[in-house]
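Novice: Chains as they are written, first to last, in this note's numbering: chain A, 1 to 616; chain B, 617 to 1059.
Because the hints were derived from the structure by calculation, they are not lab data.
It is possible that part of the hints are untrue.
[To be verified] Cut-off 27 Å, straight-line C-alpha distance, at most; resulting in silico cross-link-like pairs (DSSO-like, lysine-lysine):
(1) B/K672 <-> A/K24
(2) A/K24 <-> B/K1012
(3) A/K581 <-> B/K1012
(4) A/K24 <-> B/K949
(5) A/K156 <-> B/K949
(6) B/K949 <-> A/K157
(7) B/K1026 <-> A/K24
(8) B/K878 <-> A/K24
(9) B/K1026 <-> A/K26
(10) A/K581 <-> B/K878
(11) A/K26 <-> B/K949
(12) B/K1026 <-> A/K581
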Amino acid sequence: MNNAVYILLVAPFVGAALAYILGKLKQPLAFWVAEITGAILFLASVVIFLKYSNTPINYDIPWIHYGNFIIPFGIYIDHLSIIMLLIATGLGFLDIHFAHDYMGEDPDQPRYYSKVLFFIGGMILLVITKNLIGAFVGWEFMGLASYALISFWYYKKSAADAGMQAFLYTRLGDIFILAAIALLMIFVGTTNLVELNHLADAGQINKTVALVAALFIFMGAIGKSGQFPLYPWLMNAMEGPTTVSALIHGATMVNSGIYIVARLFDFYSYTDALFVVANVAALSAFIGSTSALVQKEIKKILAYSTMSHLSIAFVGLGVGSLAAGMLHLVNHAIFKALLFLAAGAVIYLAHHTKDAWKLGGLVKQAPFVALFFAMGSLSLAGVPPFSGFFSKELVIASAWEWGNGFTKTFVTIAALLSIAYITRLWILIFLGEPRNEDIAGSVHKPSNLWMRLPLGILAFVTLFISIWQSNIIHFIVGKEVVEPEIVGLTAFMLTGMLVLFLIVVGLYIKGLNLLYKIASHHFVQTIHQILFNGYYVEAMITWISKNIFVNSMAKAARWFDTFVIDYIVNATVAMSLYTYKFFRFGHSGRIGTYMGQFVLGVAIIVIAILLIVKGL
Amino acid sequence: MSFIILIAAGLIVPIFYRNNIFIAKMIALIAFIVAAYFIYQGESLNSVFPYFVLDKATMLIEFALLATLAAVSLSLTGFERPLIAQMLFLAGVSLGLLETNNFFLFIVLFEVVAIISYILVANIRNFFNAEGAIKAFIAGAVASGIILLGFALFSFTTDSFNYAHMNINGKFPLIAVAIMLAGIFYKLTVVPMHGWAADAYSQVNHAAAAILSGVIKSVVLVATFKAFYKFMIAYPVATVLIFSFFAVITMTLANFMALFQKRVSKILAYSSIAHSGYALIPFAAAASVYSYAGILYYAIAYIFMQTSVFLILNDFRREAGVKYLQDLKGLGKRAPLHSLFFTIQIFSLAGIPLLAGFLAKAVAFYAGVDAGLWPIVLIAALNSALAVAYYAWIIKHLYFDEAKCNSTIKMSAGSLIGQLILLAGTIYFGIVAADVINSTVTF
């Protein structure tokens, strides 16, 4: 097998073990092991990218194979995988680099770095595997790492609960993926991702089976990528360290849902499941962008914007444009990593203050962070010439061309609103006077090497990556993609954004009094509450699970468990004790007894043979 | 070639081990590595002596054997030093036993292995050790007598001792084989020839018990399968009935006995007997093409995990005076490394997926199903579930109970390297199944 592929498969896990063991011996070693491993992984991805020549790297290695029992496994690296590899390892490396200062005061660094490397390993496994089973393993590895990292500060109850919630919500989706694997195994006979696409192209799969399987896989994607209705975990996941939010809940893991749909794109197109994808995603985009308008915590605003932008990428796929969805995924990963890391820098500067209303006026103390944050914000808002503009434009044009009314309307609103919430956030953090005395006097100074450099790199990339936009699209799809011509779309979008921008600037800089007056109205208060609580979806899920699952179904199961199963289990104790006492007769500890049994055994064998082979 | 190197090293090592154990360990280690290299080159006993054949499957179990013995040699200290030389002799003889294709040599080498095992247990330090050693010796002597009786009978009726050309027709060869099998069952600790093992494994020095229960049993398992394969194919009904019967009673009795033991070593001894029961399933399924894969996988997985648990128990006994289950309480905190290795290997014994013990059971049971013995496999599966009870009980004591004292236990470097070797084996063969299964295709 290709050396680079070997490295990608093995190095993260070896690095994770080493980072923990060496870090326990000497704390700083943990960081260096992680940094070097991250660099090696990124280099390996770059090597694969440079050597790639339009023929996918393809290995079929059955994991276990004897008789008719086969657990398949395989490596398949094509355009899509390479893009995802570059994102996962590149952003992973920058994130580890950034953590040097951000996590610098934490006493548990070995644990942190080994978990991060383990996560990267899971992500790599997901994107280079050829088989749904291998993908599922990688998928679960990431879920485990995400759980462990959200509850990294496990002694905080909120963090521990958030980790648990993330695990349970995503697990609900994962069960459906497992069901899809079983379905495909039984009815189609393969879980090979490439083969599934081929079969779908040739029309050789039963349409109903394919539709159910596709929707089940999409359920998993909903859980992992924070779509409606399984998104509340993503907001609570912000309890973890900000570097974790940047890597896992902003840039990489949450993309895996989009990746799996993109990987099976032909399969999805064949089944009409894309219709569901587009509509669910449009609704999620709307929910995410409106809720982001009213949040207080920096990270929650970014989390809702992540949800909204992932949905925009999903809409791109859902209306049938692989290029639009994947391009937005790539751009989003970069500017969202930038925004989260910049937010991390802000939080670090302000001595771990996360509430945006308690910050303010930071532009004087940290001009570079403010600049990079602004560049990320502009890209997110979709202002030309930043990368976000082009991909968002492509998605919306595709939606207008091929989507239905619902999709079209909601995704456009969501795309427009992004400028409103991100401008609000930037103004709250960087302009005005400090609203908190603690940070008025002293802030942590960000170091050039560990904080400004990674931010600068990301800002640079998000500004200039659009130069190669058509090359990236060409690389993803393998052919030229013509953007649908919608007359006046760009003008409409830019005007809409400008109006929203002016409203937000006016309200938050000039007219805070007016804002307070509007906000104190009862009707506005009600809407504010609904948005602030994410449309009460979390409460709804909690209610359903509490009343239907816990209090009725689980109670019934518990009755059965206590009075039937436990009774049987308890009875086995007496039974096995009785058996034990019976067997114990033979074990006196005297060698004479043993030899007697020995002779008995010999007699049994000889007599048995004579009886069985009587004919001789 | 590798045989000569190992025996020569075994003769040199005693000069050093009293004064400088480090040199002795290094010599042993180098000998094991060089021997493995020659095996890899295809120059084991077969390049010097006739009657020996080296194929891919044999090579694989030999590598596992040499790695395990190297791991054991590295972790020996104190009064266990003389065992280093025994490891080398045992390695040499075991290579012969695994490679031979001659029934006469099989019997002779089997006896040599038995004699080495008596010397191993003869490292007596207290009354307890002595009792175990005497039991092992007397049982072994009786078994040797029975094997030789069977072999004498067999030698009258056959013209050739070559596995392929042995005479298997007629009443006498069959009775002879039955008698010999009974003798070999003693070494494999099949019920009802197991009584000595339950006592001896738990009473002799744990390092010696690791060799007896882990290494020697695995080697004998594979060698016996090869030696008796022709008979098992020729008399399918008798094979299925006899081996199934012994498999079922062995695992059932051993698991129930293990459930209520208080002494850790005794639990592990009975668990070892139970594993013999599982390992008999591929014997019963000899008609299946997967039977040899089942045996080989079981032997390779078992050699790593069983040896490892007894070696750690040895460390526990030496450092913390562990004898009973309650002595294990809180060791998870006091000796984190030991406990980690112990836990993983015990999980492997219990058959938790992604560890060698699971795949070994899966392949062995698959052979059983393939031969149509699914009732036996069902009983075996139920038994493995039962076995989890006492394995989990050990883990519970390690991690979920409070310790009586707080002194920590450090792991010596030799022991650590040894355990890492064994752990690598357990994990590698728990994930990569293709090596073993593909190697048995030509059998």
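Novice: Give me the numbers of the hints this structure contradicts, sorted from smallest to largest.
Specialist: 1, 8 and 12
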